[in-house]
Every structure is written in structure tokens, then in C-alpha cells.
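Enquirer: Listed below, chain by chain, are the residues.
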Amino acid sequence: MTGASSRIRCYRLAVREWSDGFFTSPASARPLAAFRIGLSAVLLLQAVALAPALAELYGDRGYVQWPIIRELAPAGVPRLNWVTDEFALLGADPDQCVRGVFLIYVAALGCLLIGWHTRAAAAAAWLGHLALCVSGSAGVYGVDTFARIALFYCVVLPVGHTVSLDWKAGRVPAGPTAAARLGLRVLQIHLCIAYLAAGLTKAAGEQWWTGEAVWLALNQPTLARFDPGWLAAVPWVAQVACWGTIAVEAGYPFFVWLRWGRVPWVGLTISLHVGIAVFLSLAAFSAVMIVLNVAAFLVSPAADPPRPACEGGDSRALVLTTRGPS
Amino acid sequence: MTGADAGYGYFAPHVGSEVRVRFTLADNAGREWQDELAAGLNQEGRLRVGSMTGLFPADPEQRVLRHDLAASWAATMFGRHPTARVVIVRVEVYEVPSMAEYRAGLRPGWVQVFAATFALPPAKSPANGLP
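From first to last, the protein sequence lines are chains A and B.
Quick note: the first sequence uses our numbering, first residue 1, plus one each step.
Quick note: the second sequence uses our numbering, first residue 327, plus one each step.
So that you can see chain A by itself, here it is in the shape it has in the complex:
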């Protein structure tokens, strides 16, 4: 009994030591900074593309008018009519309010990009994105789901703790922190869950085993960039593409944790998203996913760059060898 209980205690200690190292050993915030910069850059570019059609896509008299949206969107979530109702008392036009919220969202993304009052900027960007997406919920697609999640992570994770104006001004802690490690793990585990779910859902559909899924996707008029007719003559190519997609997505949560598997698997995943951008015209979605992959698994959390010398700041370079797996 005594031997068994001491063995159990040893296992517990080992597990605790491993989990402490895995989740909270101090790490650089560089991967999170890459996540912040990449995400805000992509969303800013997407905002430029959306700007010419704001009223049509998000306005109260847009393509899908707000009374219909109210029936479709969940209750109690911030939306544009909360703003328009308030400003209507001041005589503001709903379309002006939509433009105002959009401008605040874009400004917040700009502040997030440069890391100026990062957490407040992230909160403003997240709320602005949420309000736009709820009011334009009839037109949202995959990129909006990931953008909303990613912006929320920017609110709660220390994404501005390096390579930011906050870091340069000494407003945030310099050097490796447990919070940065935990934030990185949250991002990594979330990606693993997302890819596993995507892979398993595809594996549940017959079209993904016969190759018809890729054939049908490439034939969607809004997505197709090339005439896919040739594919019907070589159906095995579509089948290999389908099986490859399932393998890459379902294998993601297993291979990215292996020392030898991480770079090749993330490389395969990025190739998959490049393919989606090229062949299915889903550029913004692919760019967000590539940013997430690069930040979560390819940017080293091992060492911080030196903070530039400034008043009140720590100008020393901090290099730390982390205990847990990166």
C-alpha cells in the first residue's frame, strides 16, 4: 500500500511539474505579438475591401434589413441598432452611425496593430466587430468567426507585451511571463480543437471520401477562379485532395506537438490555406488562419528582443531558456 501510494504521489508530482512547465513556465510574448500584428493587419485590409459597401452589408436598409436580422441574431448581443437608436435622438442618420462604428473599429485595429493602449484597442475592435457582425449576420462567413474569437483573445491575452508602443513606453511588463505562456497554450489548443472538429466533420460526409466535395467547392460560381471541368476527367485528383484535407486537419492536434512534426504539419496546413485562397478566392479567411498558425506554432517563445531604451523602460535584453515544450 505504502509503495503504491508513494508511486501515485510521484506520478502526481510528475504530472504537476509537467503541467506547470507546459502552461505557466515563463515565455516571451513574441508569438502573441505576431498574432496581434498579423490579425490586425489582415482585418485592416479586409476593412478596406468592405468600406465601399457598408450601408448595403450592415445598414438598417441594407440587403437584409434589420427587422429580419433581429429574428435571426441572438438577443442581448451588441448590435448597431443600439447605437442608431441612441443617436437617432440627436438626429443622426442610421447610415452615419454605421459609418461611425466602422471608423471606430478601424481606428481600434490601427491602435492594436501598433500596440498603443493595446487592451483597450482590442476591446474596442472586438466590440465594433461584434456589433457589425451581428447587424450584418446574414452576410458573415468563416473569417468572421475566427476574427471574433481572435479579437477576444487580444482583449484577454498579453498580446501587447512586446513589439508594441506599450512595450516601448514601459507600460507593460518586459521579458518572459507565465501569462504569455498560458496565452500561447490557449491559442495552440484552440487551433487543435478547431482543426480536429473540421477534420472529423469532413470525415463524416460521403462527399469528402468520393472527392465530390472538392469538385463541388471548385464549381461554386462565387468562389471559382478557374474552370474546374478538367477535374472530372481525373477524379482521383479530387479524391486525393479531399483525403489530404481530412488528414491534414484531423492530424493537426497530434503532429503539431511532436518535435519533428510541427514545422512540416504547420507547413502543410499553411499550404492548404494558400490553396483555399488561390482556388476558392477566400483570401481573408486564409490569411487569418495563416496568421494563427504562424503565431501559435512557428514564432519562438524562447527569447525577447531587447526593449528600446526609453524613459522609465528597461533597455536590457532578456533571454530565457524555457522549461516546457515550446
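FYI, nobody ran anything at the bench for these hints, they're computed from the structure.
From the three backbone atoms N, C-alpha and C, an ideal C-beta is built for every residue, glycine too.
Keep in mind that the hints are not guaranteed to be accurate.
[As the list claims (entries may be wrong)] Partial list, computed: chain A residues near chain B (C-beta under 10 Å):
#1 I149
#2 T177
#3 V214
#4 S281
Fit chain B to the given chain A structure using the hints.
Expert: Frame of chain A, contents of chain B only:
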């Protein structure tokens, strides 16, 4: 709000059919012309319009949502074309044959699944004797 309830089954478990909306408009003089919801939009806008048209229920029993969406799209057209008095909304689904059917000669094409006509009430003529 955080996206924690999001699903990740893009194009899964099966790839659906694309839906588009086309419009035939007519003015008081009987002139007719065509338009599309996504006309003039860039790819990011077209993707969003694709999501909107994809909301159109395939189930004819969902009469209210079908009518409301068609009315909303018709209103967009009346706003875009101030001279139009009548808008016919046509919802079409892009049907893609399987690869085997394609090899046998079948080709993808748009199939109409819904049509509705929306007309503005006749404009009031000015009262007699007033400028």
C-alpha cells in the same frame, strides 16, 4: 459573443449549392432591365452577399422568411433604381452534376426555385390647380 460557441465545419459534412438572386425591373413606360444583388461589389462583398442569399430557405413551408428576404432584396432594387415600379425577384440555385455525370455530358446550371413580384403603388398625381 466570444465565438466560443462557433462551429468549424466549413464545407462539411457536405458542400452546399450556391444561391443567387436576380431581378427583372420595369418602369411606368414598360421598359425592362435586369440587375443582380452583388453587382459592382468586390470579392469580399460578393462572399457576404453569397452568405445572405444562402439564407434563403429551401423549404417552401418557411413562407415568412422567404417573403421577408425577397421583400428586403426588392427594396434594395427600388432604392438602386428610382424609376422602377415593378421588381420581379428570382432566386436560383446552382446545381452541379457529379464528376461522373459531368463526364457523361451534364453541365452545371442555375435552376429557379422561387419568384415573386413586388410593385410600388401608383405615384399620386399633383392636386389640380396647384403648381
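Enquirer: Against each hint, give a clear statement of whether it holds in the structure.
Expert: Hints, verified against the model:
1. I149: Status holds, d = 4 Å.
2. T177: violated (23 Å)
3. V214: holds (8 Å)
4. S281: Nearest chain B Cβ about 6 Å off; hint holds.
In the structure shown, a violation is registered for the earlier hint numbered 2 alone.
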